[in-house]
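Going letter by letter, the sequence shown gives residues 1 to 71 in my numbering.
Derived from the structure by calculation, the hints contain no laboratory data. Careful: at least some of the hints might be erroneous.
Listed next, with one range per pair, are the computed distances between beta-carbon atoms [to be verified]:
{"#": "1", "residue 1": "Ile64", "residue 2": "Val28", "range": "29 to 39 Å"}
{"#": "2", "residue 1": "Pro70", "residue 2": "Pro24", "range": "38 to 48 Å"}
{"#": "3", "residue 1": "Arg20", "residue 2": "Asn40", "range": "40 to 50 Å"}
{"#": "4", "residue 1": "His61", "residue 2": "Tyr35", "range": "34 to 44 Å"}
{"#": "5", "residue 1": "Ala59", "residue 2": "Gln22", "range": "28 to 38 Å"}
Subject to a maximum C-alpha distance of 20 Å in a straight line, what follows is the list of computed DMTMM-like cross-link-like pairs (lysine to aspartate or glutamate) [said to hold, decoys possible]:
{"#": "6", "residue 1": "Lys29", "residue 2": "Glu18"}
{"#": "7", "residue 1": "Lys29", "residue 2": "Glu11"}
{"#": "8", "residue 1": "Lys58", "residue 2": "Glu44"}
{"#": "9", "residue 1": "Lys29", "residue 2": "Asp10"}
{"#": "10", "residue 1": "Lys29", "residue 2": "Glu56"}
{"#": "11", "residue 1": "Lys58", "residue 2": "Glu31"}
Ideal Cβ positions, reconstructed from N, Cα and C, are used throughout, including at glycine.
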Amino acid sequence: MAVEVFDWYDEGYRIVGELRAQFPMVHVKPEFAQYVFSVNERRESMGLVPVSLPNEPKAGHISITELLHPT
Numbered sequence: 001m002a003v004e005v006f007d008w009y010d011e012g013y014r015i016v017g018e019l020r021a022q023f024p025m026v027h028v029k030p031e032f033a034q035y036v037f038s039v040n041e042r043r044e045s046m047g048l049v050p051v052s053l054p055n056e057p058k059a060g061h062i063s064i065t066e067l068l069h070p071t
């Protein structure tokens, strides 16, 4: 059985919704979401340039070193 990444994401938010309904006084954070999609998938969805690892220059990407330590 193949598992689709969006199915995991949707199921996670379904569970978060149930927890929020069951425990209205608790702030339930969907921290799982950061592990479903890669950094570059998240960056691209926000309209940001994807990153590449040091010594792996890719056209159209920004170096992770440059991102973490801008000059």
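- Task: Would you pick out the hints that fail for this structure and give their numbers low to high?
- Result: 3, 4, 5, 10, 11
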